[in-house]
Every structure is written in C-alpha cells, then in structure tokens.
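Going down the list, the sequences are from chains A and B.
Okay, so the first sequence: first residue is 1 according to my numbering, each after it adds one.
Okay, so the second sequence: first residue is 1 according to my numbering, each after it adds one.
Hint data in this document are derived by calculation from the structure and do not stem from the laboratory.
Check each hint, because a few of them may be wrong.
What the hints assert, rightly or not - Here chain B is said to cover these stretches of chain A; the calculated rule only asks that three of the stretch's residues, wherever they fall, bring their Cβ under 8 Å from a Cβ of chain B: (1) 49-57; (2) 61-67; (3) 73-81.
Said to hold, decoys possible - Computed cross-link-like contacts, DSS-like style, restricted to lysine-lysine with a CA-CA straight-line distance of at most 25 Å: (4) K148(B) / K168(B); (5) K33(B) / K68(A); (6) K68(A) / K149(B).
Unchecked claim - On the chain B side, residues computed to face chain A include the following (Cβ under 7 Å): (7) L14; (8) L18; (9) L25; (10) S29; (11) F32; (12) V43; (13) M50; (14) N78.
Being a predicted model, the structure only gives us computed values, none of them experimental.
For every residue, glycine included, the Cβ atom is placed at its ideal position computed from N, Cα and C.
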Amino acid sequence: MRRVLVSIVMVVLCFLLQTSVFDTVRLAGITPNILIVLICSTAVMRGQKAGMLTGFFSGLLLDIFFGKYLGAFAFLYMIFGFVDGFFHRLYYSDDNVLPLILIGCNDLVYGLIMYIVTGLLHRHLHFLFYLRSVILPELVYTVAVGIVLYRVLLRIDDRLSRTEQGSADFV
Amino acid sequence: MKYRRKFHFSPRMLLALLTAICAGLLVISVAFKGIAKPFTDIVGLVVVPMQTGINTVGSWIGDHAGSLRTMKELQEENKELAAQVEELTKENERLQDSQQELTGLQELLALKQEYADYHTIGARVISSGGGNWYTTFLVNKGSGDGIKKDMNVLAGNGLVGIVIETGKNYAKIRTIIDDDSSVSAKSLKTGDTCVVKGDIQTMQEEGMIKVAYISKDATMMAGEELVTSNISSKYLPGIRIGTASDIVMDSSNLTKSGKVYPVADFQHIEQVLIITDMKEVPSGSESAD
C-alpha cells in the first residue's frame with residue numbers, strides 16, 4: 001500500500017516538475033522528459049506491471065492536461081513501461097548503464113513517434129531539422145537528468161524494499 | 001483487497017486491459033468532443049495550485065540568485081541608474097506634455113484610440129505544453145475569473161495567442177507561433193490584408209513566423225508593422241503582431257508571402273494580458289482565419 005502511495009506521489013511530482021520547473025529552466029529551448037525517466041526506472045526496477053501502471057497514469061495525466069485525445073499518451077507510455085519491463089530480468093541494482101540506455105532509447109522512440117504524428121499532421125517533413133533541434137537535444141538532456149533522477153528513485157525503492165521485508169508484502 | 005487482486009494479473013493481461021481502456025478513451029474522446037472537460041476541471045483544481053506554488057518558488061530562487069552579486073557592482077549600477085532616472089524623469093515630463101497634446105488632438109478629430117479601450121485581465125504563466133512539441137501554455141486565471149474561449153492574449157503590447165480552453169482556475173492558450181495558428185492580419189501602413197501563420201521551424205531558426213496570402217498587387221514592404229485585421233472572426237482589430245520582412249512573390253505569381261518578426265518575446269513569457277472584450281460576429285459568417 002505504501003508503495004502505491006509513493007508511486008502516485010512520484011507520478012504527480014514528475015508531472016509537475018516536467019510542466020513547471022524544467023519549463024522555466026529550459027536549456028536551448030528544450031525540456032527534458034522526466035516522465036520517461038520515471039517510467040523507465042520503475043519498469044526496470046519493479047517489472048512490467050509496475051512500469052505499465054506508472055506509464056498509463058502519467059500518460060493519462062498528460063492527456064487530460066495537454067492532449068487532444070484521451071488515451072493517446074497513456075497508451076504510448078504504457079507500452080514503454082511494458083517493453084522496458086522485459087529488461088527487469090537482466091537488471092541488478094548496481095547496474096547504472098542499462099536504465100540509462102533504456103531511457104535514451106525510449107526518448108528517441110518518443111521523439112520519432114511525436115515527429116511522425118505532429119510532423120505529418122502539419123506537413124512538416126524536415127526530418128533533419130527536428131532531429132537536430134528537438135529530438136537529439138531532448139535525448140541528451142533527458143539522459144543527463146536521468147542519471148540523477150534514477151539514483152534518487154533507486155534510493156527510494158531500496159528504502160521501501162527494506163521496510164517491506166518481514167511485513168510479508170508482495171514483491 | 002484491490003491491491004492484492006492486481007498482482008494476480010499477468011503482465012500480458014494487464015497490457016490487454018490497459019490497451020482496451022486506452023482504446024475506449026480514445027474512441028469516446030474522438031466521438032464526443034469535450035467529454036474530458038469535467039476530468040480536466042477536477043485534475044485542474046488539484047494540480048494548478050501546485051504548479052502555481054512550484055512556479056512561485058522557482059521565480060523566487062531566480063530572483064534571489066542574482067542578489068549574490070558583489071557590492072561594488074551594485075554601487076556602480078546604482079550610480080548609473082541614478083543618472084538614468086534623472087534623464088528619464090525629464091523625458092517623462094516631455095512625453096506627458098506630448099501625450100496631453102495628443103489626447104487633445106484626438107478628441108478634436110473624434111478619433112477613438114481603440115487599443116487602449118480593451119478591458120484586460122493580467123495572468124501568470126504557470127505551465128507550458130508539457131514537452132517540446134507544443135507551443136501552448138497554461139495561465140493561472142480561468143472561467144472563474146471571467147476568461148472565456150477565444151479571448152485574445154497579449155504580452156509586451158503584441159499579440160501572443162488565443163484562449164483555446166478554460167477550466168475553473170486555469171486557461172490554455174495557443175500561441176501564434178504554433179503550427180495550428182493562423183491570424184488574419186493587415187499592414188498598418190498600406191492596409192493590405194494577409195494571413196500570419198505559425199511555424200515552429202522558422203521560429204526556432206530565425207525567430208520569425210510566416211505570412212501568406214498577400215495580394216500580388218499589394219505594396220506591402222519589409223519593415224512594415226502588421227496588426228490584426230478587421231475581418232478576423234476571433235481576433236480583435238488593431239492588435240500589433242509584428243514586423244514584416246522577406247516578402248517575395250510566390251511561384252504561382254498570384255500571391256506574395258513572407259515572414260513576420262513577432263512583437264511578443266516568446267522565449268520569456270511570464271505575465272500575459274487577456275482581453276476580456278470579444279469579437280462578436282454573427283454565427284455562420286465567413287471567417288478569414
């Protein structure tokens with residue numbers, strides 16, 4: 001139960017961070033995608049189901065606020081959680097590289113999908129422009145923020161696992 | 001109990017379930033536009049105060065980060081500023097004189113200064129479009145403060161955008177640089193009409209957006225001021241948009257197009273003014289934008 005509460009707080013917190021704080025400290029006009037860091041870290045540390053639920057709810061929050069259609073971001077982010085969850089088996093908690101690689105891949109895929117959706121709708125086909133000025137900077141920035149945020153999330157996860165030990169909770 | 005049951009699901013079942021929910025939501029939101037409104041309102045009531053709070057903290061830190069400058073710098077600056085104040089006071093007096101003269105002359109001409117007549121509400125930007133792909137943002141005033149859809153938004157005396165959605169305590173604004181935006185405009189000098197179209201790409205590369213559908217006979221030149229036109233259905237007339245540049249004949253030889261350098265500074269929008277007067281056109285009438 002405690003874990004569910006912490007997850008809800010983390011989703012809301014990351015949503016607020018992404019839409020408010022990091023928006024005021026844009027680097028080169030780019031905000032990092034913190035929600036992807038959260039989803040990816042959760043999926044890798046906790047497995048597919050946790051990743052999917054985190055992805056679903058953070059996507060839903062984005063949909064409610066900024067999306068044109070409910071369910072679009074929720075679906076995309078849930079798929080991220082599902083796919084990243086496959087790597088849960090390969091993961092051990094000292095491994096810092098795997099989550100970061102996954103975060104990078106996720107953000108790249110996210111950028112490409114957004115390019116296809118928004119780009120095609122607006123008949124903007126200058127792929128190299130978007131790659132250079134949006135997708136790649138966002139990727140670098142997101143991974144950089146991910147290095148820090150992933151550590152924080154790992155700490156929180158550790159603390160939760162420790163308190164859960166002996167209380168016969170489900171893992 | 002719920003918690004326990006969730007863990008009996010296999011990941012694949014959960015995937016199928018959530019996909020079904022997403023598909024359902026998509027279908028519902030496509031079929032009934034505005035069905036998300038109640039949800040948005042509820043979430044808005046919870047999240048917007050938090051966003052406002054975070055932003056206040058953010059700007060407080062931003063303000064105080066500057067106070068670490070050394071005394072010497074500040075003293076020098078103070079001297080400079082004192083000189084500037086003197087200069088400006090003089091200039092202000094001179095301007096007030098001319099202003100009085102201007103009002104007098106305007107009254108004489110029975111000319112109304114439309115721009116100053118609009119009623120406005122100030123609002124603070126609390127959040128942007130949640131990523132790098134949108135050029136919309138949220139402000140901390142909403143339907144509770146009298147904001148309605150299609151109200152015009154200004155910053156720094158230039159047009160910023162238009163309200164596209166309101167909640168009880170927030171409003172979503174689409175900027176004129178957004179790819180979806182097009183504003184019917186005219187040249188202040190020659191009166192030639194045109195359409196200002198948002199374009200994120202040219203905005204990022206050159207700081208300009210596009211202007212199109214200028215008549216081939218128009219005498220509009222680079223450097224001319226563009227304002228919103230009278231034939232727009234949503235934008236009030238006479239609001240400054242920007243300065244035209246790079247006007248060239250289209251390859252069709254029927255129209256000209258060019259670029260506009262917007263008046264508003266889209267990199268640093270913090271406060272905006274929302275005009276509460278709305279353009280009223282009979283429903284069903286043809287619109288230019």
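Evaluated hints:
1. Chain B is given as covering the stretch 49-57 of chain A, and this holds because 4 residues of the stretch bring a CB closer than 8 Å to a CB of that chain, at least three being needed.
2. Coverage of the stretch 61-67 of chain A by chain B holds [criterion: at least 3 residues with CB-CB distance below 8 Å; count 6].
3. Using a Cβ-Cβ cut-off of 8 Å, 3 residues of the stretch 73-81 of chain A lie near chain B, which meets the minimum of three, so the contact claim holds.
4. Under the criterion of a C-alpha separation no larger than 25 Å, the hint pairing K148(B) with K168(B) is consistent with the structure, at around 10 Å.
5. A distance of roughly 9 Å separates the Cα atoms of K33(B) and K68(A); the hinted pair therefore holds under the 25 Å criterion.
6. Between the alpha carbons of K68(A) and K149(B) the distance comes to roughly 16 Å, so the proposed pair stays at or under 25 Å and holds.
7. At about 5 Å, the closest approach between the beta carbon of L14(B) and any beta carbon in chain A falls short of 7 Å, and the interface hint on this residue holds.
8. Because the beta carbon of L18(B) sits about 5 Å from the nearest beta carbon in chain A, less than 7 Å, this interface hint is met.
9. With 7 Å as the threshold, the beta carbon of L25(B) comes within range of chain A, its nearest partner Cβ sitting at about 3 Å, so the hint holds.
10. Below 7 Å, beta-carbon pairs count as interface contacts, and S29(B) has one with chain A at about 4 Å; its hint therefore holds.
11. For the restraint placing F32(B) at the interface with chain A, the shortest Cβ-Cβ distance is roughly 10 Å, beyond the 7 Å limit, so the hint is violated.
12. For the restraint placing V43(B) at the interface with chain A, the shortest Cβ-Cβ distance is roughly 5 Å, inside the 7 Å limit, so the hint holds.
13. Because the closest C-beta pair between M50(B) and chain A is about 6 Å apart, less than 7 Å, the hint holds.
14. Because the smallest distance between the Cβ of N78(B) and any Cβ of chain A comes to about 28 Å, over 7 Å, the interface hint for this residue is violated.
In the structure shown, a violation is registered for the earlier hints numbered 11 and 14, in ascending order.
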